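These are the residues of each chain, in order.
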Amino acid sequence: MRAKHLLSIQDLTPAEILEILDTARELERITEGSMKKLPTLRGRTVVNLFFEDSTRTRLSFEAAAKRLSADVINFSAKGSSVSKGESLKDTAQTLEAMGAELVIVRHHSSGAAKRLAESGWIKSHVVNAGDGTHEHPTQALLDAYTIRKHFPQNERDFSGLRIGIVGDILHSRVARSNALLLTALGAQVVLIAPPTLLPVGVESWPVEISYNLDSEIGKLDAIMMLRVQSERMSDAFFPSEREYARDFGLGTQRLKKLKYDAIIMHPGPMNRGLEISAASADSKQSVILEQVANGVIVRMAVLYLLMGGTSVPTEGVLV
Amino acid sequence: MSSHGLLVKNVVDASGQLIEIEVTGEVITQMSASVQSDFPIFDGQGLLVLPGLVDLHTHLREPGKEDSETVLSGSQAAARGGYTAVSAMANTFPVADTAGVVEQVARLGKEAGLCDVFPIGAVTVGLEGEQLAELSAMAQSAAAVRIFSDDGKCVSDPLLMRRALEYVKSFGGVIAQHAQDPSLTAGAQMNEGAISSKLGLKGWPSVAEESIIARDILMAHYVQSRLHICHLTTKGGVELVRWAKSQGIKVSAEVTPHHLLLTDDLASSYDPVYKVNPPLRTQEDVLALRAGLADGTIDVVATDHAPHPSEDKDCEWSAAAFGMIGLETALSVVVTTMIDTGLMDWQTLVKRMSTAPAEIGGYAGHGELAVSRQANFILVDPKQKWTVDREAMLSRSSNTPFHGQTLTGSVVHTFFKGVQVIRNGKLTGMKHE
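Line by line, the protein sequences give chains A and B.
Position in the first sequence counted from 1, then plus 1159, gives you my numbering.
Position in the second sequence counted from 1, then plus 409, gives you my numbering.
Where hints are given, some of them may not hold.
Stated by the list, open to error - Rough simulated footprint, nothing fancy, chain B against chain A, three-plus residues with beta-carbon under 8 Å:
#, segment
1, 1290-1301
2, 1348-1362
To be verified - Computed, partial: chain B to chain A, Cβ under 7 Å:
#, residue
3, S592
4, G602
5, A603
6, S606
7, L608
8, G609
9, L610
10, Y679
11, C724
12, E725
13, W726
14, A730
Stated by the list, open to error - What the simulated footprint calls covered on chain A by chain B, stretch by stretch (three residues with Cβ under 8 Å from a Cβ of chain B suffice, anywhere in the stretch; the number is not a length):
#, segment
15, 1245-1259
16, 1310-1320
None of these hints come from the bench; they were simulated from the model.
Quick caveat: nothing in here was measured; it's all calculated off a predicted structure.
We put the CB at the ideal spot given by N, CA and C, even for glycine.
Please work from the sequences and hints to get the whole structure.
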């Protein structure tokens, strides 16, 4: 990979996406063997710079870095200098001064990772772990990794796969990254949501739009349910949780309309009973826990490639 | 001063005529193709002579935010940009909502002596949109305020807006509205559209601007008062103003130089130098604004010069302040977007950047080159290409979105009340006493 940072799926070519996924596959193969931990990044320091609470993403990156033997510094905004008014720039410069070579940043402001990478504030590699309502590129990569494991005939080309993303598209960085990545690999993507939860301008995305989950669900090879945040209701994006769940939730009755080989995905954390019923989340078609496991693998691949690994590792190179 | 004077020779006016101008003290005493005078000759070297520019929308930040601009540094930037009058917006700390504050700003402007500084008064106390400020006291003060605006915030309450429009009729005032429905723009970061949908930045719908413009046009008509619309940015807004004028409603409108040139795709860099209120819009809007300025639907170009210290821009987008500086680049942006493109001639530029704003503000002494008027004029090189350098600004701030861009037309000399305050683009050190 030529890139220094991973900021947005927008920046990646299909070949680069496949390179990351292939590297992940090799890392998975190696770590499934006798070697659980690779010495590749020994002595190198990675910072988890989290301005938003996100335990699962932070832990996933931490696990990925540690399996590559990197030293990990965790920084969370709560109770830190940030709550005393320190800026993103100062925080990042401080951590770099402590030896960070790669910064994994989660921030509530869209574009924060790009600013960190491109403003000349720091020299480190930057990985976007979610910026506002913009992108969450490693989530899309792990989702694609999960999808291709279940559709091996589509390993290098998602043409013919129809993937539905359901729910709060407007505020979802997961939806933005996935719409870009899945279509870049050739999949048909349909966004399914009430009009209030679709951004103005979505017509310009390379996707189809539907307001009706029931008319779409039977055509999908993968259905990705997005978390619905309860504060959206108070902002009048929809009238009530009950009405939302009825029209856009993956309930137990609706589950029966799914193709037998379709997979159910969710980036987590789930609101069981709202966007997804317990029966759907726990069904045989659900791959939600696989997504979590694949998250660590894919993030290992990203760290490995950005910090100078060759594209397809062999055990000889790694050791 | 009255014994001092000069004879400006070898200059061309906006209509292309060679002209000579005799200045005695603060006043133009002769002006024709050939003037007889004993005063020393100022050779204009074929430059264009225009009346000094007049800005209706300038954030000078003093009192309260002197780290970004002062009345003096803003006056220096104005003089260099060819402005001989600016209108200091009311959103200072404290807010310019009393006679005391507007008089202080006016006094600081006189002390600077580089251009006229006409304070704008707040419409409501503290810009809070709840209670009318003492508009009459500001009008009767030494600052003689005629324009009132809560700029930065919209007077969104329709009843309060109605009262303000009615109230200022007694002293010939005008309400300058920052048209932005607050509820439709809560947390908004950039123009709502294809670009915001991809960037994940909260959208600022054009309808939030247009619905207030429509409402206030109807209101101004209903109470028969004068409405001025600040920084128009949308195609729909231009159409609303065009309709209002066709109905004979007393509305005027302004556009900023940046909205004539820049579009919302610049936000893709997430560089907050492009973050501004109202936001940069689409190319379609830009073209509608240019057409509206050319045909007179939009009366004036106003800078909305909004200085900010670097820490308010050297950060992530959502944490950054809204605003761009513009005094030192305004004329060149208008030349580049309107004259180079053949949409407007120099006489129309003079109307939009000097005559019309002086009329709207009631700024006697500005807006026209004529015998017995104040000698407020500039000499411009209309063809000069130059590259904007944010480090070279006279403004105390450097948040220009035009850094690195090459623009056409430069202000060479500025004369304010007969005093040459700018020579070859640099401060002379002289001021009007």
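So, going through the hints one by one against the coordinates:
{"no.": "1", "hint": "1290-1301", "verdict": "holds (count 5)"}
{"no.": "2", "hint": "1348-1362", "verdict": "holds (count 5)"}
{"no.": "3", "hint": "S592", "verdict": "violated (11 Å)"}
{"no.": "4", "hint": "G602", "verdict": "holds (5 Å)"}
{"no.": "5", "hint": "A603", "verdict": "holds (4 Å)"}
{"no.": "6", "hint": "S606", "verdict": "holds (3 Å)"}
{"no.": "7", "hint": "L608", "verdict": "holds (6 Å)"}
{"no.": "8", "hint": "G609", "verdict": "holds (3 Å)"}
{"no.": "9", "hint": "L610", "verdict": "holds (5 Å)"}
{"no.": "10", "hint": "Y679", "verdict": "holds (3 Å)"}
{"no.": "11", "hint": "C724", "verdict": "holds (6 Å)"}
{"no.": "12", "hint": "E725", "verdict": "holds (4 Å)"}
{"no.": "13", "hint": "W726", "verdict": "holds (5 Å)"}
{"no.": "14", "hint": "A730", "verdict": "violated (13 Å)"}
{"no.": "15", "hint": "1245-1259", "verdict": "holds (count 3)"}
{"no.": "16", "hint": "1310-1320", "verdict": "violated (count 0)"}
In this structure, the earlier hints numbered 3, 14 and 16 are contradicted, and the remaining ones agree with it.
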